[in-house]
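Peer 1: Sequence:
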Amino acid sequence: MFELPSVTFWTFIPWPFLWLGLATVMYLKFKREDENEEDMDEI
Numbered sequence: 050m051f052e053l054p055s056v057t058f059w060t061f062i063p064w065p066f067l068w069l070g071l072a073t074v075m076y077l078k079f080k081r082e083d084e085n086e087e088d089m090d091e092i
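Whatever position you read off the sequence shown (first residue = 1), add 49 for our numbering.
Since the hints were made in silico from the structure, they are not lab data.
All of these numbers come straight from a predicted model, not from anything done at the bench.
A couple of the hints might just be wrong.
[Stated by the list, open to error] Pairwise CB distance ranges, derived in the manner of DEER restraints:
id, residue 1, residue 2, range
1, E87, P65, 31 to 37 angstroms
2, P54, F79, 46 to 52 angstroms
3, E86, E52, 51 to 57 angstroms
For each residue, glycine too, the CB sits at the ideal point set by N, CA and C.
Kindly generate the complete structure, drawing on both the sequences and the hints.
Peer 2: Structure (structure tokens):
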């Protein structure tokens, strides 16, 4: 489309998916930690 080399395509395209994956992992990790803290507060 813009006549860029395929290396440029493969350099830029994966990043949004990598960031979304990292954000999902971080969200689940911190959500679990928050739930554990709430459970500790109830005891």
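Peer 1: How does the Cβ-Cβ distance of P54 and F79 compare with 46 to 52 angstroms: does it lie in that range?
Peer 2: violated (39 angstroms)
Peer 1: Return holds or violated for the Cβ distance of E86 and E52 against the range 51 to 57 angstroms.
Peer 2: holds (53 angstroms)
Peer 1: Mind checking the hinted window 31 to 37 angstroms against the Cβ distance between E87 and P65?
Peer 2: With Cβ atoms ~32 angstroms apart, the hint holds.
The structure fails to meet hint 2 from the earlier list, while all remaining hints are met.
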